[in-house]
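Trainee: Read top to bottom, the protein sequences are chains A and B. Sequential numbering of the first sequence, starting at 7, is according to my numbering. Sequential numbering of the second sequence, starting at 7, is according to my numbering.
Calculated directly from the structure, the hints in this document are not laboratory data. No experiment lies behind these values; they were computed from the predicted model shown. Here a beta-carbon is modelled for each residue, glycine too, at the ideal position from N, C-alpha and C. Treat the hints with care, as some may be off.
[Said to hold, decoys possible] Covered stretches of chain B, going by a simulated chain A footprint (3 or more residues, C-beta under 8 Å):
#1 24-36
#2 91-103
#3 108-121
#4 127-137
#5 144-150
#6 156-167
[What the hints assert, rightly or not] Restricting the straight-line Cα-Cα distance to at most 20 Å, the calculated cross-link-like pairs of lysine to aspartate or glutamate (DMTMM-like) are:
#7 A:Lys75 with B:Asp137
#8 A:Lys283 with A:Glu293
#9 A:Lys111 with B:Glu159
#10 A:Lys283 with A:Asp69
#11 A:Lys200 with B:Glu134
#12 B:Lys258 with B:Asp240
#13 B:Lys75 with A:Asp137
#14 B:Lys111 with A:Glu159
Number of protein chains: 2
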Amino acid sequence: MVNINTYLKEKQALIDTALKDHLPHEGTRPAILHEAMRYTVLAGGKRIRPALCLATAEALGTDAVNVLKPAIAIELLHSSTLIHDDLPCMDDDDLRRGNQTCHVKYGAANAILTGDALMILSFQVLAENGDPRLALELSQAAGSQGVIGGQVEDLAAEGSEPSADLIDFIHRNKTAVLIRAAVRIGALAAGANKAELVNFSVFGENIGLAFQIVDDVLDETSTDEVLGKPTGSDRDANKMTYPAVYGMEKAKETVRDLTNDALIALDSINADTEVLKAIALYLVNREN
Amino acid sequence: MVNINTYLKEKQALIDTALKDHLPHEGTRPAILHEAMRYTVLAGGKRIRPALCLATAEALGTDAVNVLKPAIAIELLHSSTLIHDDLPCMDDDDLRRGNQTCHVKYGAANAILTGDALMILSFQVLAENGDPRLALELSQAAGSQGVIGGQVEDLAAEGSEPSADLIDFIHRNKTAVLIRAAVRIGALAAGANKAELVNFSVFGENIGLAFQIVDDVLDETSTDEVLGKPTGSDRDANKMTYPAVYGMEKAKETVRDLTNDALIALDSINADTEVLKAIALYLVNREN
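One chain only, chain A, in its complex shape:
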């Protein structure tokens, strides 16, 4: 039986070290840009996406250190989108993980450019790694028909009537597609065959969507102390959420169904998927 907290802490340390190594030093010109890049990326976080990438590669017998570059590329991309999402003209968030957001500390112009630089660094790290299939995977997941497209619809949906079609589009694109890509990139890097890839995709998409619905649920049901940020912030910002569209009970039921389907997909793969299952359960049973 794997201790998932210990496993994730170990991987987090590995990922943080690799991120530190690949981000330019703070003294590198322009110093303020490199300081802002390091400030944002190294502020902590559970590193769920790169951990999923590493765990998937390990499930197929590939050592985590051989997949570190693709794994941190995913985290760099994710960080870049968070900086832009937090901007005053978007979600206008002042705090993230208890720290001032990038634009509060460095100004909006530098924050936009810091996000740009991290996005480009993400593809630089993938190019250093070499396999163009991984860059293709990340770019398709992150671009106008993935994360960025999801954020456009999320902003446009603020204050509009709850809609099943819209919340599905937003959650799949803004969150699930990148988590699926993290799993698929780990699988591709470890030489997965087509059948394995299909099942890993189902696993990744389902836990990605479940992860976002859990986020929505916690925003309504948790306390400020446990969550580390104000509960009800989605409602206050007129964000469309899964419970707002379907109700709380249906939201929780959907999380259970998605998780079950994710675990069934893993069972079809001839690999040691115990850790991936444990991560899936960790993600849906978390309290913050």
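Using the hints, position chain B against chain A.
Mentor: Structure of chain B alone, referenced to chain A:
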């Protein structure tokens, strides 16, 4: 003797067709994002960077159609940085090539996300193309120690004392590095050897820097009608320029020196570099 205007028009048509083919259709969800991407990229422009990429590959005997993907990737990246540079919190420009800038037409949030989507699409097109060396080249040129770094220093320099060190950093990073990359990507894609790459790099960097100094000079000496935008806009925006630091005569002399060195570098390469020479002379002798 090559007719450079005809040559550039032909290549422009080839590049525009490829851009149209690689940008998602306007009906693709989210429609506003894909409309904004197409609006910005397809608004025209001389396509100097991709044309240099194609001309370099052709000089080494490779057909332009075989280098179209890398060429348009450079233009997509360039377009993404223009959208972000034009934002109110940066250069605050309302017009580009006579059209409303992206944020004026679609709002700041959508403009930021349109830039992001184009940046990611640029690396998607390179990943489809396959050779990771080209993505490495573009990411290094565009990132925190290239174009983005140059823009950070450019913004920070507004209103400060003219400085040779600073204007050199800004112009090399904001402009010359990407033009050098366009040439190098064409050379790499066409199988250039190390010695050829070194000379193509000198050529690209020199004409890139000359190109930007000519921009600065025209901003002071041209008329609104010829330039297609208000002259003196750099001065009005407190931008640091080459003539402001060195004076007009020295600026023009530097353009001549850089161009000469660029042409000498080409003469060291065993390739048909007539077109590249003509492009270099076109860039420094242009009137807008």
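Trainee: Take the hints in turn and mark each one as holding or not.
Mentor: Status of each hint after checking the structure:
1. 24-36: holds (count 4)
2. 91-103: holds (count 3)
3. 108-121: Since three or more residues must qualify, the claim that chain A covers the stretch 108-121 of chain B holds, with 7 doing so at under 8 Å.
4. 127-137: holds (count 9)
5. 144-150: holds (count 5)
6. 156-167: holds (count 5)
7. A:Lys75 with B:Asp137: Between Lys75 (chain A) and Asp137 (chain B) the Cα gap is close to 17 Å, so the pair holds against 20 Å.
8. A:Lys283 with A:Glu293: 18 Å, holds
9. A:Lys111 with B:Glu159: Holds, at roughly 17 Å.
10. A:Lys283 with A:Asp69: 18 Å, holds
11. A:Lys200 with B:Glu134: Holds, at about 19 Å.
12. B:Lys258 with B:Asp240: 17 Å, holds
13. B:Lys75 with A:Asp137: 17 Å, holds
14. B:Lys111 with A:Glu159: 17 Å, holds
Of the hints listed earlier, there is not a single one the structure fails to meet.
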